[in-house]
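Peer 1: Residues per chain are reported as follows:
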Amino acid sequence: MVLLVCSAVAVATTLGILASVLFESFVFFREVPLLSFLFGTQWAPTGSPAAFGILPLLAGTILITVIALITATPLGLFSAIYLSEYATPTLRKSLKPVLELLAGIPTVVLGFFAALTVAPFIRQVGTGLGLDVASESALAAGLVMGMMIVPLISSLSDDIINAVPQSLRDGSLAMGATPSETVKRVVLPAALPGIASAIMLAISRAIGETMIVVMAAGLAANLSFNPLAAVSTITVQIATLLVGDQEFDSDKTLSAFALGLVLFFFTLALNIAALRLVRKYRQHYE
Amino acid sequence: MNDASPPLMKPPLPRILADRPEKMAARGVNIHYGDKHAIKDLSITIPDRAVSAFIGPSGCGKSTFLRALNRMNDTIPSCRMTGAITLDGRNINDPDVDPVQLRSHVGMVFQKPNPFPKSIFENVAYGPRIHGLCASKAELEQRVEESLKKAGLFGEVKDRLHQPGTGLSGGQQQRLCIARAIAVNPEVILMDEPCSALDPIATARIEELIDELRQNFCIVIVTHSMQQAARVSQLTAFFHLGTLVEFGDTDKIFTAPTDQRTQDYITGRYG
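The listed protein sequences correspond, in order, to chains A and B.
The first sequence begins at 1 in our numbering and counts up by one.
The second sequence begins at 1 in our numbering and counts up by one.
Next comes chain A alone, as it looks inside the complex (with noise of 0.2 Å):
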């Protein structure tokens, strides 16, 4: 009993954030139209006359995501194979730990790190090369976010890295296989499945960071592909249209449900297709 209700709880809260989502989205869309919120290419919502329209937003979100991946997924999923099948495990026992520390370092932290020094440095390396790179730049905020999902990336492939059967590895090497070819053609065509929904998860992860963006990344939200511009992401918006603000009655304040919504839509589908994807490979591998 106590346990359905527990369950319940949480079940519940779920819910119910989504319906108070819902409720004050809808109030926003009565004063904003929801094609020009979609579609528009605008995003200045204190301005007079206001737009709201999400693709800067988009834009800047996707940018520092896709940055964030380039780096993390090669550093993470390296590391994953160098500690799974490499390293010798005293090696492996003191470089997982350290690994995950960089797990816990706080967002903030992480934030002020980009902005003061990984921004800076940046901008210099830019000028330098005769770039025009704005003080805080996706880029920035993109590479140590990158460095924040490493560890998750690499714990959770290191994990499915072990969970392929010894066997496996026994078989590939005894068909006069080198370590190396048995990893790239056995063993992480098995683990596959349990990396990319490992990714999916950073993406999720990613998206929803906030701290490290509004610190090294700034409030601009231009409509820009460009890694060196300023840019500015949905939980940016969000958490800056809401700071200091007790009124939850104005365009402006009512629009961060708007955006909330997108956010919750965008983690879904990502997560229903992570599910879809280790479902097809489920079928294909085992």
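Please note that the accuracy of each hint is not assured.
[As the list claims (entries may be wrong)] If the Cβ cut is set under 7 Å, some of the chain B residues that face chain A in the computed set are:
id	residue
1	Val100
2	Arg103
3	Ser104
4	Met108
5	Lys112
6	Asn114
7	Phe116
8	Pro117
9	Gly127
10	Ile130
Bear in mind the hints are in silico, worked out from the structure with no lab data behind them.
Bear in mind that the values here come from a model prediction, so they are computed numbers and not experimental data.
We treat Cβ as the ideally placed atom computed from N, Cα and C, and that holds for glycine.
Dock chain B against the given chain A, drawing on the hints supplied.
Peer 2: Showing chain B alone in chain A's frame:
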């Protein structure tokens, strides 16, 4: 690995060795697993184109010794070996022998069928691909087909070569693993209790196959089943507590063993 050449004491020559050339041989082999002395001063001569069976109670070292024959024990960090093991007279532990190359000459089939998570075709094509044995796609296809035929599996899978190998039944999977091992043209095939996970019908099928394969390969099989050893092998080696107690023609081992321990084991007194 290859220190002081052990005394050349020839084990008693089984009759069957008289008309078949030696394929592999071990002289004074000792294997340690950490602190455990798993194989003690073992010498044996394994003939070509015959089935040699290793029998003995669990933990007697027969699988350990089998894995030494293609240096699979190299993958276990705590495992050390001394003495000499030769393939066609050449020491397989010589520094200039690449274990990866060795394993393409000495293939292995495991206790539990372990097809790769790939299609049936890709499972068999795996070895030829990594060793670059086939120049063209047609050649590869032909080799896959031949290997599947030799493993007696082609008829059952010819219409679904591109479906996952893991979708086959246990016995078919094991024959797929045998086809995979054959595909690289090994000279020796090591089998570590290949039927222990299979039902009696699948087992009978594999045993028939082993009997056919001995025309072309040197086969060494570890088995828990004395009946199986009696059915498929020409030579039987009885292991006990890390030593090779007796090695000889299968019919002789099972009808007139010279050692009391062999006698006790085959009559079911322990094991």
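Peer 1: All hints are to be evaluated individually against the structure, with a verdict given for each.
Peer 2: Going down the list of hints, with the structure as the test:
Annotation: Val100 (chain B) was flagged as interfacial toward chain A, and the flag holds, the nearest CB pair being 5 Å apart, inside 7 Å. A hinted interface residue such as Arg103 (chain B) counts as satisfied when its beta carbon comes closer than 7 Å to some beta carbon of chain A; here the least separation is about 4 Å, so the hint holds. Interface restraint check: Ser104 (chain B) against chain A, minimum CB-CB distance 3 Å, threshold 7 Å, status holds. Taking 7 Å as the C-beta contact cut-off toward chain A, the hint placing Met108 (chain B) at the interface holds, the least distance being around 4 Å.
For Lys112 (chain B), the interface hint holds, since its Cβ comes within 7 Å of a Cβ in chain A; the closest pair sits about 6 Å apart. Restraint check, Asn114 (chain B) versus chain A: the minimum CB separation of about 4 Å is within 7 Å; hint holds. With its C-beta approaching chain A no nearer than about 5 Å, Phe116 (chain B) sits inside the 7 Å limit, and its interface hint holds. The criterion of a C-beta within 7 Å of any C-beta in chain A is met by Pro117 (chain B), whose closest approach is roughly 4 Å, and the hint holds.
The interface hint given for Gly127 (chain B) is met, as the beta carbon of that residue sits about 5 Å from the closest beta carbon of chain A, less than 7 Å. At its closest, the beta carbon of Ile130 (chain B) sits 5 Å from a beta carbon of chain A; the interface hint therefore holds under the 7 Å criterion.
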